[in-house]
Amino acid sequence: MNAAANPLLSVDRLTIDIGGAKVVDDISFTVAPGKVMALVGESGCGKSLTSYAMLGLLPPAAKRTGGRIMLESTDLGAMSERQLRKARGKDISIIFQEPSASLDPLTTVGSQIAEAYRVHQGASRTEAYEKARQMLVDVGIPDPTRRLDQYPFELSGGMCQRIMISIALINGPRLLVADEPTTALDVTIQAQILDLMKKLVSERGTAIVLITHDMGVVADIADEVAVMYAGRIAEIAPVHALFAAPKHPYTALLLASVPKLDHSPKADLATIEGTVPTPSEFGVGCRFADRCPLVTDKCRSEQPPLFQSGESGHRSACWHIDRMAEIRGVAA
Amino acid sequence: MSETTKVLELRDVAVHFGGRGGFLSSPGPVVKAVNGVDLEIGRAETVALVGESGCGKSTLSNTIVGLQAPVSGSVKVSGEEVVGADKKKLNDIRRKVQMIFQDPALSLDPRSTVGATIAEPLIVRGVAKGKELKERVATLLQQVGLRPEVADRYPHQFSGGQRQRVVIARALALEPDLVICDEPVSALDVSVRAQILNLLVALQNRTGVSYLFVSHDLGVVRHICDRVVVMYLGRFVEIADRDTFFANPKHPYTKALMSAVPEADPVVQRSKERIILGGELPSPANIPSGCAFHTRCPLATEICSKERPELTSRPDGARVACHHA
Chain A
15 MNAAANPLLS VDRLTIDIGG AKVVDDISFT VAPGKVMALV GESGCGKSLT SYAMLGLLPP
75 AAKRTGGRIM LESTDLGAMS ERQLRKARGK DISIIFQEPS ASLDPLTTVG SQIAEAYRVH
135 QGASRTEAYE KARQMLVDVG IPDPTRRLDQ YPFELSGGMC QRIMISIALI NGPRLLVADE
195 PTTALDVTIQ AQILDLMKKL VSERGTAIVL ITHDMGVVAD IADEVAVMYA GRIAEIAPVH
255 ALFAAPKHPY TALLLASVPK LDHSPKADLA TIEGTVPTPS EFGVGCRFAD RCPLVTDKCR
315 SEQPPLFQSG ESGHRSACWH IDRMAEIRGV AA
Chain B
353 MSETTKVLEL RDVAVHFGGR GGFLSSPGPV VKAVNGVDLE IGRAETVALV GESGCGKSTL
413 SNTIVGLQAP VSGSVKVSGE EVVGADKKKL NDIRRKVQMI FQDPALSLDP RSTVGATIAE
473 PLIVRGVAKG KELKERVATL LQQVGLRPEV ADRYPHQFSG GQRQRVVIAR ALALEPDLVI
533 CDEPVSALDV SVRAQILNLL VALQNRTGVS YLFVSHDLGV VRHICDRVVV MYLGRFVEIA
593 DRDTFFANPK HPYTKALMSA VPEADPVVQR SKERIILGGE LPSPANIPSG CAFHTRCPLA
653 TEICSKERPE LTSRPDGARV ACHHA
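As they're listed, the protein sequences go chains A and B. Our numbering puts the first residue of the first sequence at 15, with every later residue one more than the last. Our numbering puts the first residue of the second sequence at 353, with every later residue one more than the last.
It is possible that part of the hints are untrue.
With a cut-off of at most 30 angstroms between alpha-carbon atoms, the simulated DSS-like pairs for lysine-lysine come out as follows [as the list claims (entries may be wrong)]:
{"id": "1", "chain 1": "B", "residue 1": "Lys-607", "chain 2": "A", "residue 2": "Lys-212"}
{"id": "2", "chain 1": "B", "residue 1": "Lys-624", "chain 2": "A", "residue 2": "Lys-213"}
{"id": "3", "chain 1": "B", "residue 1": "Lys-358", "chain 2": "A", "residue 2": "Lys-280"}
{"id": "4", "chain 1": "A", "residue 1": "Lys-213", "chain 2": "B", "residue 2": "Lys-607"}
It should be emphasised that the hints constitute simulated quantities derived from the structure, not laboratory data.
Produce the complete structure using the sequences and hints provided.
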C-alpha cells in the first residue's frame with residue numbers, strides 16, 4: 015500500500031486522556047496525499063478528539079499522553095502554540111458540522127475568506143479579495159462578486175458550507191479535517207458538497223480526514239476507513255474490503271443495522287444490544303465484549319491487538335476473526 | 353377505504369404565513385408553506401412524508417395536530433374535523449394524535465422522572481390514578497422495552513435510544529390512532545436506530561396505530577413505510593405505494609432525491625447514476641411560477657414555467673405532478 019510507503023499524515027500510537035480515562039487509546043493510521051481516510055464511529059468513540067489533536071485543538075480537560083502526529087516530517091504534537099497558529103489554516107485546515115456556527119455573523123463572507131489568506135500569505139487586501147473571489151468560483155458559488163459582500167445569514171446552509179470550504183482551502187493546505195461536514199445539510203445539498211470534496215481532492219491532491227457516522231457517506235467518498243469503538247480502532251481497511259467482508263463483529267453489526275435496498279420491509283433489523291461503555295466502565299479486555307455475540311472469556315481478560323487479516327491493509331482487533339461467519343448469521 | 357378506517361383525511365389544506373403589515377411596517381411577502389394538499393391515512397398504515405428542509409413537512413405536521421390553523425381546507429382525524437373545532441373538541445381530538453420528535457433530549461422534562469412524564473397525559477385526561485396509574489406506566493415501559501423499575505429515574509440517566517423509547521411510551525399512553533414521527537431516528541446513533549425502528553414496527557403490529565413518518569432517509573422510509581409522499585415547496589409532487597415508488601420513481605425531483613441519498617455500499621454507490629440538482633431550494637415566500645421545481649429540473653421546458661402540473665394517476669397506481677414524467 016503506498017499510503018504506508020509515503021504518508022502525508024501519520025498518527026502513531028496516539029493516546030488522549032480525560033480525567034485518567036484513556037478516551038483515545040493507542041490509535042495509529044496514515045493518510046497518503048489525495049486520499050480520504052474516514053474515521054467512523056458512534057458518539058463518544060473518540061473520533062472527534064483524534065482529529066482535534068491533529069490541530070492542537072484539544073479541550074483543556076483532554077491531555078495527549080502518548081504517541082506522535084506527523085505531517086510529513088513535522089511533528090504537530092511538538093509545536094508551540096505560536097507554530098500551531100501558523101500551521102492551522104495553512105498546512106492543515108478543519109471544517110465543522112454546522113457552518114453557520116463557524117462563521118462570524120457580523121463580517122461579510124468575502125472578508126472572512128480574505129482574512130485567512132492575508133494572515134498566512136501577507137497579501138494585500140485587493141489581492142486577497144481577488145483570491146477569495148476565485149475560491150468562490152472553485153467551490154461552485156454562482157455570482158461570486160455579489161456573494162463576497164453578503165453576510166452569513168443571507169446564505170443557505172449549503173452555501174455557508176461552501177464558504178467554510180473556501181476558507182479552509184484558500185491557502186492550499188495539504189490536509190483537510192472534515193468533521194461531519196454534511197450532517198446538517200439536506201441530501202441534495204450533501205450530494206453537491208461530497209462531489210465538491212471529491213473534485214478538490216483529485217485536483218489539488220489534498221488529503222482528507224473525514225469524521226462521520228454515516229456509512230453511506232463513507233461508501234461514497236472514502237478510500238480507507240477506520241472504525242472506532244470506545245476510544246480504540248476496532249477495524250481499519252480499504253473501503254471496498256471493509257464493506258465486502260468486515261472482520262470485526264462491531265463493523266459487521268453496524269453495517270447490518272442499516273436498512274438496505276434488498277432488505278424485506280418491516281422485517282427485524284440487526285441490532286447491537288446494550289450501550290457503549292463509558293470511560294469509567296472500560297475493562298482490561300476488548301471494550302466491545304459486553305455487546306458482542308462472539309464473546310469468550312479471553313475477550314474479557316485480554317485486549318486484542320490489531321491483527322492483519324485478508325487483503326493488505328485490512329486489520330481487525332478481534333480474537334475471533336475466524337468466526338465472522340457466525341455474525342453474518344446473526345445479521346442476516 | 354371505508355369511512356371508519358381513515359385515521360387521517362386532508363382535503364386541499366393550505367397554510368400561509370405573514371402577508372399582514374405590522375405597526376409602521378408594510379405587508380411582507382406571504383409564505384405559502386403548505387399549498388393545497390390531499391392525503392388519507394388508513395388504520396395501521398405508515399405513510400412517509402419526504403422532502404428537504406423548508407418544503408412544508410413540519411408545518412403540515414403541526415396543522416394535523418391543530419397547533420397551526422390552515423387558511424383553507426379540511427383536516428379530519430378519525431373522522432373529526434380539526435379546523436374550526438372549539439377548545440374542548442380540539443382537546444378530544446388531540447388525544448387521538450400524538451407526536452414524536454427528532455431529539456428525545458429536548459422532548460423530555462429534565463426535572464421530571466420518566467415515570468411522571470409518561471403518567472402526565474394519563475393524569476391530565478383522568479384516565480387512571482393511584483395504583484392503576486402506576487401499573488399503566490409499568491406496562492407502557494415494558495411495551496417499549498424498558499424495565500418498569502426505571503420509572504423513578506431522570507432523563508439524564510438514560511442513553512439517547514432509551515430516551516426515545518420513553519418519548520414513544522408517552523406518545524402511546526393515550527392509545528392514539530395516529531402518531532406523527534418527525535425524524536424519530538436521525539439524532540440517534542446507527543446501532544440504536546435499528547432498535548427504535550424495530551420497536552415502532554412491533555408496536556404497530558400490536559396496537560394497529562398508524563404513523564405519519566417524516567424523514568429524509570430513504571433507506572429508513574423504504575424499511576418502515578407502506579406509502580410514500582414526496583413534498584416540494586408546499587405541494588405533493590409524487591404519491592405511491594412503497595414498492596411502486598422504489599421500483600419506478602417518476603417525478604424528476606424524486607429521482608434526484610433517490611440518487612442523492614448515499615447507499616451504504618461502495619460498489620452500488622460509486623456505480624449508480626447520479627442526478628446532482630443545481631442550486632438551492634427557492635424560498636417559499638417566492639415560489640417559482642408554473643411547476644415550482646422547474647428552476648432546478650433537468651427536464652424543464654417552456655410549459656413547466658407557465659402551467660402548474662396537477663397530480664395525475666399513472667397505470668401502476670402512482671400519482672405524479674409533472675408534465676414530462
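Taking the hints in turn, this is what the structure says about them:
About 22 angstroms separates the Cα atoms of B:Lys-607 and A:Lys-212, which keeps this hinted pair within 30 angstroms; it holds. Restraint check: the Cα-Cα separation between B:Lys-624 and A:Lys-213 comes to about 18 angstroms, which is no more than 30 angstroms; the hinted pair holds. Restraint check: the Cα-Cα separation between B:Lys-358 and A:Lys-280 comes to about 22 angstroms, which is no more than 30 angstroms; the hinted pair holds. Pair hint A:Lys-213 plus B:Lys-607 holds up; C-alpha atoms about 23 angstroms apart against a cutoff of 30 angstroms.
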